[in-house]
Every structure is written in C-alpha cells, then in structure tokens.
Amino acid sequence: MSFVVTLRDADARLADDQQIVLRLGTDADVDQTIKASLGHFLAYRPVVVASGLDAPGALTLSVYLRNPGRPVVAYRAGPFQRWYRTTTVGHVIDAGVTIWPTDVSVEGEPLPLSSDHADLVVSARSDVLPDAYLAATKSERRRMRDNLRPEFEAVLALFDAPIAFGLPDGAQA
Amino acid sequence: MLKTEIAVEFDMIVNGRTVVHQLALDGDENLEPGDLVALVSDGISLVAVLTEIDDAGYLHLALR
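From first to last, the protein sequence lines are chains Y and V.
Sequential numbering from 1 applies to the first sequence in our numbering.
Sequential numbering from 174 applies to the second sequence in our numbering.
Same shape as in the complex, but just chain Y:
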C-alpha cells in the first residue's frame, strides 16, 4: 500500500482561533465524499492506533490548518477547485469532533502542504466496516453509506458558507 497517513506530534496550531480550510466544496455531493473517505478508511489504522483507539480505520474529512502567512489561494490544488469553506478549531472541538493533525504521502511523495494537513474524524466505528462493507451488494453498500450520511453532514455543517477562491478573504459567494 502506498497511501500513508501518520499522526503528527502535538500540533501547537490546534488553538481555538486557528482557521481550518476545507477545499473543493466537498459537500456538493455527500455520497461522493463518503465514498472517497471509505477509499482511505484503512490507511488511517496507524493513526487510530497512535490515538489509543481500537478500530480498523477511520472515516475522516480532509482539511488544512491555515498558516496565517499563507494566502488561502495557496491551498487550491488546481483550477477545478473553485470553492472553499472555513471554520475554526474551537468550533470543531466544541462540537465534539476530534481533529488529527496528519501527514499524508502517496507513493512515497508527501502531499503538497502536508505539514498543514489535518483530518476531522467523522467516525472511527468498527461495527460495519470494512469486512461487511466489502461483502455487501451494491444496494446494501448504498444503504450503509446512507447510514453514515448524518455524521458527515453534521461535520460539514460546522463550516461557513462556500467562498470562491479568488475573492478577498471573508467575501462569501
């Protein structure tokens, strides 16, 4: 496996007012977001273990801890990313959602801005994943994803309205 996620040691940026950036407007299709998260589920096993939990993996939402000296457009991976949403560490933690500062590499190459990467933990439950999901039929998988949908929507709801990349910071679309 060449998709590697590791937990960074205590990240001093996890202060209440630290801004979090969610790229892509990934709430546009929550089912696709859930599928993408499922595709990375098992890669989070080392992070789960390092966090003292016992689960085969985790469902997360990939975000960035914004460096105040870095313009938000620096977090745009390409022209297909037209939107972003923001929230704060304090807002996320107050909602009871765990934040993991994580480094991610693919095929041995760290992701761009990996040092700013973090994951919001949507679920580290082990009751249906992964064996039951792999064994399920297409319709059963859809039903399982539907069961996960409220948890994803609850985390996505912690973010402010989408903002277009290119607009001044704070200008909502």
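Do not take every clue at face value.
Stated by the list, open to error - These stretches of chain Y come out as covered by chain V in the derived footprint (C-beta under 8 Å, 3 or more residues): (1) 36 to 44; (2) 69 to 82; (3) 94 to 107; (4) 130 to 139.
To be verified - DEER-style ranges, computed between Cβ atoms: (5) V:L209 to Y:D16: 45 to 51 Å; (6) Y:T137 to V:K176: 17 to 23 Å; (7) Y:A95 to V:L209: 28 to 34 Å; (8) Y:V4 to V:R237: 22 to 28 Å; (9) V:R237 to Y:R70: 30 to 36 Å; (10) Y:D54 to V:T177: 32 to 38 Å; (11) V:V222 to Y:D31: 20 to 26 Å; (12) V:A235 to Y:A50: 26 to 32 Å; (13) V:D228 to Y:R8: 26 to 32 Å; (14) Y:A10 to V:R237: 16 to 22 Å; (15) Y:D16 to V:L204: 43 to 49 Å; (16) V:V220 to Y:R143: 27 to 33 Å; (17) Y:T137 to V:I226: 17 to 23 Å; (18) Y:G108 to V:R237: 34 to 40 Å.
Claimed, not checked - Partner residues are not named here, just some residues of chain Y that face chain V (Cβ under 8 Å, in silico): (19) F3; (20) S62; (21) L111; (22) S115; (23) D116.
If you are wondering where the hints come from, they were derived from the structure by calculation, not from laboratory data.
Built from N, CA and C at the ideal position, the CB exists for glycine as well.
Once you have looked at the hints, place chain V on chain Y.
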C-alpha cells in the same frame, strides 16, 4: 470506454498517480488492470487507468 467512476480526493493525486481502496467502489465493477475509469470529485472527473490491484485491495491509478 470508461468502466466506472471512483470517488477520490483530488488532493491525493501526486505526480499523476493515486491509490484508493476498493471500499470506495459500489461493489460490482469487476475492475482489472488496464481498465479506464473516471476519478470524480465534486462533479469534476479525470480519466485514469487502473495499473494494479494489490493484495491489500488497493487500486493503483495513473492519470491518462
């Protein structure tokens, strides 16, 4: 011909390559190395070729 769509986070595409587990699939794709697929995220799609399915069930994908 594209065989299916696979949901990915575009962040995870590095140097035109990415990996994603079969958990991301709907379950009846019957993919094989060489198949063309669409990597999709937020309504945008990129064409990729499946280069390998490893023993752990990860799909290795390279952009066309």
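Tested hints:
1. 36 to 44: holds (count 7)
2. 69 to 82: Holds, because 4 residues of the segment 69 to 82 of chain Y bring their Cβ atoms closer than 8 Å to Cβ atoms of chain V.
3. 94 to 107: Holds: 4 residues of the segment 94 to 107 of chain Y have a Cβ under 8 Å from chain V.
4. 130 to 139: Coverage by chain V holds for the segment 130 to 139 of chain Y (6 residues, Cβ < 8 Å).
5. V:L209 to Y:D16: 45 to 51 Å: Given a distance of about 47 Å, which is inside 45 to 51 Å, the answer is holds.
6. Y:T137 to V:K176: 17 to 23 Å: Distance hint for T137 (chain Y), K176 (chain V) holds at roughly 19 Å.
7. Y:A95 to V:L209: 28 to 34 Å: Cβ of A95 (chain Y) to Cβ of L209 (chain V): about 41 Å, so the range 28 to 34 Å is violated.
8. Y:V4 to V:R237: 22 to 28 Å: With a Cβ separation near 25 Å, V4 (chain Y) and R237 (chain V) satisfy 22 to 28 Å, so the hint holds.
9. V:R237 to Y:R70: 30 to 36 Å: holds, 32 Å
10. Y:D54 to V:T177: 32 to 38 Å: holds, 33 Å
11. V:V222 to Y:D31: 20 to 26 Å: holds, 25 Å
12. V:A235 to Y:A50: 26 to 32 Å: Holds, since A235 (chain V) and A50 (chain Y) (Cβ atoms, about 30 Å apart) stay within the stated range.
13. V:D228 to Y:R8: 26 to 32 Å: At 29 Å between Cβs, range holds.
14. Y:A10 to V:R237: 16 to 22 Å: violated, 42 Å
15. Y:D16 to V:L204: 43 to 49 Å: Given about 45 Å between the Cβ atoms, the range holds.
16. V:V220 to Y:R143: 27 to 33 Å: With Cβ atoms ~30 Å apart, the hint holds.
17. Y:T137 to V:I226: 17 to 23 Å: holds, 20 Å
18. Y:G108 to V:R237: 34 to 40 Å: Taking Cβ atoms as reference, G108 (chain Y) and R237 (chain V) lie about 22 Å apart, which means the hint is violated.
19. F3: holds, 5 Å
20. S62: holds, 6 Å
21. L111: holds, 6 Å
22. S115: Check failed: Cβ of S115 (chain Y) comes no nearer than 14 Å to chain V, outside 8 Å.
23. D116: Hint on D116 (chain Y): violated, closest Cβ of chain V at ~11 Å, above 8 Å.
Hints 7, 14, 18, 22 and 23 from the list above are not met by this structure, while the remaining hints are.
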